[in-house]
Structures are given as C-alpha cells and as structure tokens.
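**Student:** Assemble chains B, C and D onto chain A, guided by the hints.
Protein chains in written order, with this note's numbering: chain A, 975 to 1325; chain B, 975 to 1325; chain C, 975 to 1325; chain D, 975 to 1325.
Keep in mind that a hint or two might mislead.
Cross-link-like lysine-lysine pairs, in silico, BS3-like; alpha carbons within 25 Å at most [claimed, not checked]:
no.	chain 1	residue 1	chain 2	residue 2
1	C	1112	C	977
2	C	1138	C	1163
3	C	1163	A	1015
4	D	1277	A	1086
5	A	1239	B	1086
6	B	1015	A	1015
7	B	1015	A	1277
Simulated from the structure, these hints should not be mistaken for laboratory data.
Number of protein chains: 4
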Amino acid sequence: MIKAGIIGATGYAGNELVRILMGHPQVEIKWYGSRSYINQKYAEVYRNMFEIVDDVCMDDNMEELAEQVDVIFTATPQGFLAGVLTEEILKKTKIIDLSADFRIKDVAVYEKWYQIEHKSPQFIGEAVYGLCEINREKVKGARLVANPGCYTTCSILTAYPLVKEGLIDPDTLIIDAKSGTSGAGRGAKLPNLFCEVNENIKAYGVTSHRHTPEIEEQLGYAAGREILVNFTPHLVPMNRGILATEYASLTRKEDGSLPTCEEIKAVYDKYYGAETFVRVLPEDVCPETKWVEGSNYVDINFKIDARTGRIVMMGALDNLVKGAAGQAVQNMNLLFGFDEDEGLRLVPMFP
Amino acid sequence: MIKAGIIGATGYAGNELVRILMGHPQVEIKWYGSRSYINQKYAEVYRNMFEIVDDVCMDDNMEELAEQVDVIFTATPQGFLAGVLTEEILKKTKIIDLSADFRIKDVAVYEKWYQIEHKSPQFIGEAVYGLCEINREKVKGARLVANPGCYTTCSILTAYPLVKEGLIDPDTLIIDAKSGTSGAGRGAKLPNLFCEVNENIKAYGVTSHRHTPEIEEQLGYAAGREILVNFTPHLVPMNRGILATEYASLTRKEDGSLPTCEEIKAVYDKYYGAETFVRVLPEDVCPETKWVEGSNYVDINFKIDARTGRIVMMGALDNLVKGAAGQAVQNMNLLFGFDEDEGLRLVPMFP
Amino acid sequence: MIKAGIIGATGYAGNELVRILMGHPQVEIKWYGSRSYINQKYAEVYRNMFEIVDDVCMDDNMEELAEQVDVIFTATPQGFLAGVLTEEILKKTKIIDLSADFRIKDVAVYEKWYQIEHKSPQFIGEAVYGLCEINREKVKGARLVANPGCYTTCSILTAYPLVKEGLIDPDTLIIDAKSGTSGAGRGAKLPNLFCEVNENIKAYGVTSHRHTPEIEEQLGYAAGREILVNFTPHLVPMNRGILATEYASLTRKEDGSLPTCEEIKAVYDKYYGAETFVRVLPEDVCPETKWVEGSNYVDINFKIDARTGRIVMMGALDNLVKGAAGQAVQNMNLLFGFDEDEGLRLVPMFP
Amino acid sequence: MIKAGIIGATGYAGNELVRILMGHPQVEIKWYGSRSYINQKYAEVYRNMFEIVDDVCMDDNMEELAEQVDVIFTATPQGFLAGVLTEEILKKTKIIDLSADFRIKDVAVYEKWYQIEHKSPQFIGEAVYGLCEINREKVKGARLVANPGCYTTCSILTAYPLVKEGLIDPDTLIIDAKSGTSGAGRGAKLPNLFCEVNENIKAYGVTSHRHTPEIEEQLGYAAGREILVNFTPHLVPMNRGILATEYASLTRKEDGSLPTCEEIKAVYDKYYGAETFVRVLPEDVCPETKWVEGSNYVDINFKIDARTGRIVMMGALDNLVKGAAGQAVQNMNLLFGFDEDEGLRLVPMFP
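Extracted from the complex, chain A is given alone in its bound form (with noise of 0.2 Å):
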C-alpha cells in the first residue's frame, strides 16, 4: 500500500484520477490538492465522490506534501512543477506530471511552443517520457515521469511501428485529431459552453498546436532523425474521446510495390501484440472513440490507398484515461513494481 498526493485535483484529469486510484488495491490518496478550493469538500466539487471521498482540498504545497506520500500526481497548469520542483522533493518521492514541463527535451523549444521560460531545466534530463508501451524500462527506475499529452500518446501510438520500421516516410506525416471537450478542462470560458460547442465542430490552434514538438520529437526518436508534421486538433461535441486520422506516403519496396495490408498487420502486431493497452483492430474495422470510453484502452487500424501510395492510420483513446490519468497511473504501477494494469482492468462503458 501506497500514499499518494494529487495537485490539481479538481480538474477533469485529476477527478478521473481519483476515481481510477479508488479501484486501485494498493494506493490510498492522502492529499487532494486544488488551490481553487481550499478547506471545501472535495465531493462538493464533484458529487459524483458524494459518500466516496470525504476529505477536503488542500493547497499545492510540495514540499509537505513531498513528506507524506510516496508518489505525487501534478495535474496542473503548465509552469507549475518546474516553477517549484527541487532537488529535496525528487529525494522523498516519485512525481508523475501530467503538465507539459518536462515532456521536452530542448528547453527552447519547450519556450517556444509555451511562451513561458522554464524555471527548473536541470530536471529535463533526468525525466522520462512515460508513453509506456514505449519506454516502460526506462519508467521504471525514473524519479520523475513526464506523462504525454493526450493527443500526443494517441498520434504517436498509431504511428510509432510504421515509423520506427521505416514504412512510411514521416515527412509526409500529417495528423488530424479529433477530441471531446474535457480536453478543454473545466475553466469557465465562453468557447467551452454547451451552447457553443454543442451541434458544431471546428479546428483550432491549427499549425500552433503545443502538443506537435512533442510528437515531432517522440517520432523523431523512432525514425532516428528530426521531423517535422502538420497537426491539427479539432473540438467535437462529446464529453471524452480523441481519435487521431494520419496520413503518410508509404515507402515502396524496391520493385516500387507498396507493402501489403498483411506486412503492415504483422509490423502492428510485432509492436502491439503483447501489449494489454493497444488494441489492433480486424481488418476494415475504424476505431471509434466510444468503444474505449472509461478504459485505458487505443484501438487502432489502418487502411491502405494503392491509388495514391498513402495509408490512413486511425487510432482511438479516452483522453482522460489513457490520454492522461489512467497512463499516468500506469506509469505509477511501473514505478513501483505493481502489475502494469493493477487498477486499469476497467471495461469500456457502452453506450
């Protein structure tokens, strides 16, 4: 049995890691850190934990918090953690940060995309990018884990086995995503109204996106080179749910034949077919957000157009699971040795 402390715990992301941490037979949240809501029932903000969760909220002191808990989930704004982390903190406990502070390497381009100046880069180095189908030995000894994005674990899981095996050229990578609107947190602003997000659809952050130096990067390492991507994020009326559609040109075989839908299949599967998390889909079937809904689950499949040489890739997640809270408490049962989907068997609510 673990202790565990969450800043940030009023947003969506942290409500949902509240209510997968309850199913988890080894930890026990002590602290439920929500500076906008000091000293007041937690289950007054969200009532879905009425008779669930009876402690209040806390402030966002770390280094107390440092003291009594062995891993602190930071869902917070990003700035936060590297305005406060220490050296003395990172001693005491793991830290698992769903923020964007320390998913880039290149502080610069991490100032860049965020508009913020880094206040700790001597951590960078040290955190690990917790994608964990990825790098799930490289988690398990980190102090501190940087959790991906949650249109970042979905554009890169359904790309990443083409890349790494040079199957499709990544410069011509180019995401569409799609995502429900708790991506957009539970900030009360305008654009986020029912009203105005209901019976609509649009993009936005088109070509600006902040969550596009972290795929170019992460890709990166898989292709063994710098790449560069277009990705565009689209609001849909839905609360949950990100489905990324990529485009690429597939690399022909020296005959100038394209790979088959079976060698695609079998590279899918050479990656993904061990793992609990990813699931590739029957040949035809498009992945649909609904059908992982409440799970930590990505379905993906492809689907191959001879006539332009492109294949369409299409992969789904919750984005408040597997697109945040859920990975990140995978990331905590690598960390600490638990079974990597102890508390993560959830099944995928229909309808």
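**Tutor:** Showing chains B, C and D alone in chain A's frame:
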C-alpha cells in the same frame, strides 16, 4: 466462483451485465445468448469487448443452459421467460429476470398493460420483486427474482420512505420521469435515430406506460392500500440516466403545520442511512444523472414547497446499472451470499 | 419602414432578435447595444452574422437611442430597464422589454422573487403583458410591452383555455418544464460548460424559480382568482426548446363524469383554432421541441387519464423564438400595425 | 410563379427542400413524392410541417409529374433517376438531381464506385454539374442539373481557387471531412441510432467513399489534369454540418519562398469576393459548422504552415442546405432567371 448465463446478451442491458460481471471476482460468464447473433463473436457485436470477451453468441435454449450455470440472467423481451420457464429449470438454476414477466402479482393487470397472455402464471407467486433495498431478505432465498424496471426503481426509491411513513398522500403522487435513450433498446427504429432524438425532448406513453402498474403495486404495499399515480416518461437526448421528479401533497400534522425539512430528511435517513447504493444528498443539492453515470447509485433529494403544501422529490440513477444490470448483479450477490456490493463498487464517471 | 434598437444585442436572445429582424421587410436595426462589446464588430461576437451585419456594438444609452429609433428591444438583465426608464423615453419611442421588470403587477411580488428593488414602479401599471394570443388588443395601444418569459409563455398557453373555462382545478396545477441550455444565457459559468450539461439532466430552482409568480398571476387572471402552482424547471442537454408537461385534476361534471377528449379539444380549438402560432396537435401526438425549432410556433396537446381523473397537458416551443425574440417581434408587429406574422413565417427546421 | 415537384420528399434533404421552398415567393410545390408514404399526409411524416403543408404523399411517377410541373427535384437513391429518365420527360420539365447519377462524366468511374450499372448514360453528356459558383453560366441553360454531393461541395469550394491558380500541388491534397448525422439519411439502421452516434466519432468509407471521384473530377478540371486525392469522411455527433480540413503542399516561388498569407487571401478573394454564399473569413478565424447552420453559406479560411511548407484549408457548410437543398434551389434560381439568392437569404441560426 459461480457460472452465469445471459439470455439477451446483445441488448444494451445485456452488454452492461457483461461489463459489470467482467469485474466481479466470483462469477464467470459461460453463455452469451443472443438469438439475433448466433455463432457470431460477441466482440463483433460489441466492440468494447474486443480482446476481453472471446466467446461467440449462443441460442436461448434455457433447458440446456440450466444444466451448465448457477444463475441465468434473462434480458429478454416481455413474454419470453414466461413462455419457456419450467419447474425443471428452476430446480437446476436461479433466474434473475430483467423483463417484466414476473414483476406484477396480479396476472390480469400484467395482461392488460402488456397486452399479451401470461404463459406461466404459476410462478408469479414465488417470484421475488428484486428491489434490494426493500426486499433484501426475501431475495436471499428466492429461486426466481423479478428485477425491477428502470423507471420503477427510480420512481419507487425516491418516494418510498415518505409513502411508507404516511408523510405524503399517495393519491396525489405525480411522477414526471426523464430517461436517456439507451432505455429504448438497440432496435433499429426511426424514432431512436440520432437526428430524431438529438436536440429534442418529448413525452411518450402518456397515461399508458407499462411501468405505471409496477410503481402502483409496490408503493401500494408501502401505503398499505391500492393507489393510483400519474407517471409520464420523457425521452432525453443523452445515452444514460433517469431522473424522476415526483410531486405529492404533504400530510399535515394535527395542528395543520407541514413537516419540516429536518423531519423529512430524518425519514429518508432512517430508510437509506445504512444503504450503500442510495445517497440522500445534502440540502438544496438537486440530483443530476451525470453524477451517478456508470455506477449503481441512486441519488435522492427533496424540496418542500410551503406555499402549495407539496413536496418535490427527485431521484437519479443510471438506467443500465441500478436501473437494470447493476441491480441484477446486486440481486445475484444476495442470492449467492456474496457481499452485496461485490463487483458494484463502481465510481461514477464524470464527465 | 421603422427603425429599431436593441439593448443587450449580444445575448442569445439578442442575437435571435437580429436573426429574425434581418428577415423582416419593415424594420431596420440601427443600434446593436452591448455593454460588454462596445466598439467591437457585432459579427465578431456572432460570426453567423459575418457579411450580414457590418455594425459595431454600441453602449446602452437609452436616452440617445430613443431619439433615433421607433422601438427599443431590451434584452437585458433584470433591473436594467427599471433603472433607466423615464417618461421622456417613453414619449419618444416604444419599448419591448424581454426582461422581467414590468411583467408582474404587484411590485412586492417582483421584489420578493427577484431580490432587487424596483426602480420605476410608476410604469408597471401601463405596461402590457405581451402574451399576444391573450392580450392582443391591449398590446396594440401600448407604449411599454413586457415580453413574457420563455417558461411562462409555454406554461401559460398550454393550460390557459382549460383554466379559463374552468375545466381544471387550478389549485392542482403542477408544471414540470424542461429547457434547452440557451435559456441559461451566454455567461461563462461552470454549470453551463459543455461537459457539465452534456449527458446530464437535473432540476434547478425547485420551488423558487422566478417564472412561478408570473405564471400564477396570468393564470390567476384566467381563473378569476389567486392561484398557486408548482413549477419545476429542468436543464436538458440541447441548445433550444422548452417542453412543459402540466398536470391538473379535471373538473367533474354534475353527474361525476369527466369531460371527454372531444370536449377538451373543442375548448382548445375555441381559443387557438384561429391562432397562427399555436398548433393544437392531432390526438395522441405528443409535442416535441424539435418540431418547432427555429419557428414561432407553440405545439400543444393533452391526454386525459380517466384512472386518476387528471389531465396531462403538454406544450413545446423554441425558447429563443416564441419564448423570447419571436414573440417580441410579434408584439412589435401588433404595436406598429404590421401583419402579426410578418417576419415570423419561419418554418421549423428539422432535423 | 413556377410549379415544382419533389421525388424523395420524405428524406432529410427532401424535407429541407420543402422548408426552403416554403419561403420562396416564386415557387409552389405541387407534388410531394415518397414511395414509402404514399397517401399519407406529409405533415404526419414531418410534423414540423403541421398546418404548413396539407398535401399527402404521392408516388414517383416521373412521366405524370413532368406534365404538371416546371421543375422536378429528385432527392432519391442512386440509380433511380438514371433508371427512369427519358427524353420525353426532359422535353417537358427541368430536372435537378440531388443523387449522384449524373455527376460523373466517365460512366465507368461511376459504375466502379457506385457498383451499379448506369441505365441512361446518354444523358450524362448534357448534364451540368451544379456547383453554382463554378458552373453558373452553364447551369443557366441546362435541362438536367447534377446537384453536387454535400462533402463534394465543401471539399471543392475550399480548395478550388488554389488548385485553379496552381498555388498548391493537387497530388498532395488530403481531405479530412467531418459530417453531422443527417448526411446518413433517415433510414432506420443500427449504426445511426442515437446511442451509437452520440458521444462518439469515427471515420468510415476510408479510401472508398463515393464522393472521392466526384472531387477528383472537378478539381481535375481546375488543375487541368487528372488528380488523385485522399478523402476521409467522419461521423460527428451532431445533426447538421460538414467541416472539411484540407492539407496540401504549397507551390514554392522561383526563389524557393512560400506564398504569403496575403497572396493566398487575394486568390480566394478573386474567386469568392463577389460571391454571396461563400464567406472567406478574417485571418486566424477558423470556420465552425454552427455559424452556417440553416443557411446556404460556405465559410472558408486557411492557415499556412511555414515549417512544413503546407497549407491547411478549412471549409464549413450545412450539409442539408448548401450541401443539398439550398444549392438545389440556387440552381433552380439560375435555371429560371430568378435572383440567385431568392428564397436563400437564410440567416444562420445560432445557437
């Protein structure tokens, strides 16, 4: 470890049973019955179950099934179970029926509201109405449990303590209920198409909905006499959830005064204070279906209107969980002596 | 051709006024008042108006505005118009107030339910309650029209003929109303965020909603005496639409029998048979909000419950049209002698 | 005043034609054809039309209909019009076909993508592709107009100026489109049920959707040569609206530089500056389907990605209006010499 079979496993309630039983440590599903999809993989019909359920769908041969399992869940159309049930079957296995066949004690009432002949009225007597919070002890020894309807569970639990204690006049009871669309089932019917339901609300089955006599019978037991109520269901553009708003005149005290809020609250607490799955909310907090989604909870509250002398009672539940599959599993737990909340410690998912 | 000004043009009702008036051949909008967006282009606030409205938003200077236009629509928060209205203004221009300031004749009732002091009670007397189907003649000669509330319009029109003719006992009237989320306005508030409203339904303002005394006053006139009703609004995950489900005990005839369906229908037809915007539906067809969306119609029907002696009345309208802007234009048509349906021949949009 | 007939009047596009034509001062609908609902009142099938349309549904006898009306709209399944069209009919009346039968000039391409034999290829040559903004002059003299598909209209108009002017490489064009569910029609099919679509997003018809060759043919004309594109449609949980997000590599200038934002904007303005129904949005404003709902507008914008050398183009329209019925009426206006926007000055409805 017991073995369970499901007849009607490919309806929405059937799929929810599968979801819940997958997380139940004492149960193994041995039979996914579905007349419409015989020999097809269950996970092709419900893709959330991909890599979770490997079985193919079976027929609805109750006699064969009774040989193999300890409990059968029938999530079938009205009339099915009544048409096939035999003493032989009941000697071999327990049955939890999610249809209406054995809910109503007076066969004439059943036949009038359902417009079908009841084929095995000889079993009505022994069937126990499986509203656990009220009939817990009776359920424990039953062979045949009639699992209550979704609207009924919500409507009854919301008003039950006040009817039982004589605090309201049951003849003035009016129930205005609102349901998500999964209650209409997975049949491909025009009125349930997305474009017909979305951005729309309507009443249906006004004065004639079949859950009416079920509510009247059960609340009649509480009142100690026959009662008649108005029950009006509405279709709401959401997947899950039922909200019942109930109106009744308060019984005045001898001095003509109304009961106080504290007195009413005390009565609710008397009946539900020890109940795991009924949450009586803090004063002035109205139940919302979203706060119980995916869980077995019923959230209840009330408001006294001193001006009109009436009370407004409100109850919310997830129609597929406490309104169907969750309550069925709760009944199964009672039947087999498991902890009543085994497999049902589902934290509501928000948002 | 008359000139119109709108104060509060950037609320949802204000935008709907603009939409409707754009199609009105006799009106030109000269003033888009919006305190929050002064000097900003209206089409930047409401992009549906791009290349349709070129104007910038103005302040809310009623005195200046009164000089320029023939009619002012105030779609403003409670208290605004009462705070600025003067005899000077009323001498120069007509006012159609979409707020509640002049709807209630008893200033004490207003101040009790709205919890604000009424700043110009001297104008309450002359204000005409602009429910066109009932007060048509009075509206024609008015200087100041109090445009009814959205819930109120729906609730009153649904029950009015039966109250007026004594066919129901008004003291038993219970109104359970359901509204789309645009009724909550465009303010950036947490409870109105997409993720809080979507997949959810709740009651709110139980026993205390401000439209209650407005309904009671108007139906009280019809009944010929003071009445008290229960009114409970609910928030539905859709943009537009109000459905009111109303319950009341039928007045029995001398022989104890209930009025027949035909008799009730005849009364509705007596009042609404010649009304353009009230559609009494065929027997057994329940009103649905979607069928009136975008139009000025109210769809009404009823069902007698012989078992309980009650009638269930149902009414549906678009809260932004007949419940706000459409009715305001209908009142304007009456004030200026235009055809009552001028600019309002809007065919409902489906789906 | 002309007379119009509609075959397929009870589909969603048919109903939208009725809605729009009701507001057209020069047209009278004489024939509501619907094979499924013959002799049933139209207003029983579409209750929005109650007290607006009194007619009953007729059969689909084109020959008889041709005697009675000046123009026939066929909103019918693929193959219907090709199966019944004759020179006799075309001599008597004009036809605007909302199906795909006469959109594609190469009959082999049609038969390959639609998997049906074309029964009257002799009329393909004279049919004019009714994308008004591009083929306006040709439409004016036509007897048979092939009204473009919903996805097609959006996809083509969004990219057309840049293809025509050689600013993008059409072989790199990738179209990721998202549609509301009304595009799937009113057929009672399981995948279109509310609970299957709501809270969900998926791609479908990947690499095989029938609008692909239509897009390729028309943009091929603009490019001056054959082109192949990737087109991927997605189903979005909303009633109406299509958003197309389109990606292409920009053609670099001789000095290797990319065209500027201003240069691209100038090209869009060259083609659409004088167009009533195409709105090129201000810089950095992304099109949203909600802002055009209920109207005949297409909103278009773009964003240059200097990093990748690509442009992201975005277009939004209402699939039932500019994507179907509205454009059909626009074509009718051209055919009969009415003002092109007659009956189409529909202000988008928000929210």
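**Student:** All hints are to be evaluated individually against the structure, with a verdict given for each.
**Tutor:** Quick rundown of the hints versus the structure:
1. C:1112 - C:977: holds (22 Å)
2. C:1138 - C:1163: Answer violated: residue 1138 (chain C) to residue 1163 (chain C) is near 40 Å, above 25 Å.
3. C:1163 - A:1015: Between residue 1163 (chain C) and residue 1015 (chain A) the Cα gap is close to 20 Å, so the pair holds against 25 Å.
4. D:1277 - A:1086: holds (19 Å)
5. A:1239 - B:1086: violated (57 Å)
6. B:1015 - A:1015: The given pair, whose Cα atoms are some 46 Å apart, is violated under the 25 Å limit.
7. B:1015 - A:1277: holds (23 Å)
Taken one by one, the earlier hints fail for this structure at numbers 2, 5 and 6, listed in ascending order.
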